[in-house]
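Asks: The primary structure of each chain is shown beneath.
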Amino acid sequence: MTRLAFASLLALSVACHGSSAGKGGNVSLNGAGSTFVYPLMSKWSSEYQKSAPTIQVNYQSIGSGGGIRQLIAHTVQFGATDGPMTDEQLKEAKSPVLHVPLVMGAVVPTYNLPPLAHAIKFTPDALAGIFLGTIKTWNDPKLTAENGDLNLPATPIVVVHRSDGSGTTYVWTDYLSKISPEWKTKVGNATSVNWPTGLGGRGNEGVSGTVRQTPGAIGYVELTYAMQNKMPAGQVKNRAGQFVDATIDAVTAAAAGAVQSLPEDLRYSITDSPGEKAWPISGTTWAVVYKDMPAGPERTAVVSFLRWTIHDGQKFCAPLDYAQLPPELVARAEAKLDQVEPAPK
Amino acid sequence: MMTTDVAAPSREVPQRAKSLRRWGPSALRGWTTGDAIFRKACTAVGASVVALLALLVYELVRGSSAALSKFGFHFVVDKIWDPVQEQFGAATFVYGTVVTSVVALVLAVPLGIGIAIFLVEMAPRRVGTVIGFLVELLAAIPSIVYGLWGLFVLAPIVRDDVAPALRKTLGFLPIFQGDSHGVGMLTAGIILAVMILPFIAAVSRDVIASVPQTQREASLALGATKWETIRNVVLPYGRAGIAGAVVLALGRALGETMAVTMVIGNNPQIAKSLFDPGYTMSSVIANEYAEASGVTYLAALTEIGLLLFVVTFAVNGIARLLIWRMARERKARA
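For the protein sequence lines, the chains are A and B, in the order given.
Counting along the first sequence from 1, when you hit position 7 you're at -12 in the numbering used here, and nothing is skipped either side.
Each number in the numbering used here corresponds to the 1-based position in the second sequence with 8 added.
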């Protein structure tokens, strides 16, 4: 209920504040959406103001779905989402919406077992089996096959997943749907799904807390969160057959490996990417904007801010544990922005 | 009559008549106009509650119309909640809400009334003030703090100590069977019990304190012990008030969101054992509303809000009925 009240309050405040050019040529932009990108977004908005003092960017981290709803309701100039808009949502928006990749992130499996010599190696099959509930103990042959040296215990596996709707779940289930036909038909891919097994924790902290409290538990969290909290993270076998560690470079590699085959509208998914060094459970945060915004200081401000984020803004990614866009993708994102308003010569 | 009194001034004009002159007919007329305005204003304020409630129900029904027409009554009895396939049923959430609230009441009611009796009837004044203050302080702790404490402190205790002990002693009951992961309906119920305790204790304390001293003295004079006095005189006298406190606490337990969602395990299922995870109505709204997309999905979440409203309304109604009946019985006996 509080979320509901908050969302309507937000809509109200945005509507009252207005977003048009204020006095003295100042423009204040309103964006809303993904909570994943929020730390980076607030860094961006304060850094950007240093180079463009007349533009102020306000960002509300109300969740990707909320961001899309706000964009459709025209209460914000841009939304930010961890999953691309669905065809249904695009239809609802009436006028054409463009997807501009901003930054990348990843999801990693984390677990609670007695100290091990090295990270557990997960095959796609093993991950799907665990989350479908068919692999029930840590010494299942599907796990010991690749981890023979670890002497995994017979502890029962307790699956922990996000209970709140989340882009993290979207990326995780997107990956499982790609590598497991059974997952695809039985569960599917969304920000919330009908989990076959396990406990639900609220937010990254809820999942990591439950994993930490429960011996034998396995869960999934954002890479940034796992890194900042020094949580054990498993290796996963990618499509090229390599076991890779989850690092921000491996995430950028996933996008680089897939960039040739990305669809024209950039509503892509880079999970299970073919790159040699690619982390297979990678995702993207997109900015969503209307293609035919009316010309004016507002449109110029949105486009120049977003253009700045994919160029100069990218250097703020690594210190905050976000993965940068590969250069090939920056070029394609730039082309999208040009469709709204071409870069000043 | 009075005017003649006043018209004939004398030294013995009583004080009352003097003041009445000030309240003479014209002044009285002004006063009644003010009274009428006041009455209308109060009526408007009172009616606004009804209007607000009607508006709330209207909005909830409007928001959930897509789900209401698609699922109908099945929504209440279906157990599947699948946002991908757009299959929505709320039975598991209703079950979780009711079970956790009942567990909370079973734990908190005896404790809360016990605290109230101790504070009023037994504790030295100074001790009573301090403990009363501490109990009220419990109500001021934000629910997210309760939730995180529940997850990091209480859940391991439940898993390692409480659940095994219950299994050993009361394991023949189906509600105390199976393994515990720490998080689950029992943990949620315990957290809720702590959260509603101050409501029960504080209101019951005031109710018990308002029992006339003469009642106690009469009972003691008849040779009753302290225990008999409390059981046969004090508690029956304050029964309606204490029941009111319980209803208030129940309302809080039914609607509590954040603390519960941290410790209940958020798994929509109808499990017999209290050790198993469950899910509540308010939790699923808080968890999924922000990211929900699609008309049916949003409508289904709104319908859960409507259902929560109906359940709360029904539970409160039943509780009011009980209080009313109790009060009538007492009158009949008196």
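These are computed hints drawn from the structure, not numbers from a lab.
None of the values given here were measured: they were computed from a predicted structure.
Misleading hints may appear alongside valid ones.
Said to hold, decoys possible - DMTMM-like, lysine to aspartate or glutamate: derived pairs with alpha carbons at most 25 angstroms apart: (1) A:Lys117 / B:Asp187; (2) B:Lys78 / A:Glu69; (3) A:Lys72 / B:Asp187; (4) A:Lys165 / B:Asp90.
Asks: Tell me, in ascending order, the numbers of any earlier hints that this structure violates.
Replies: 3
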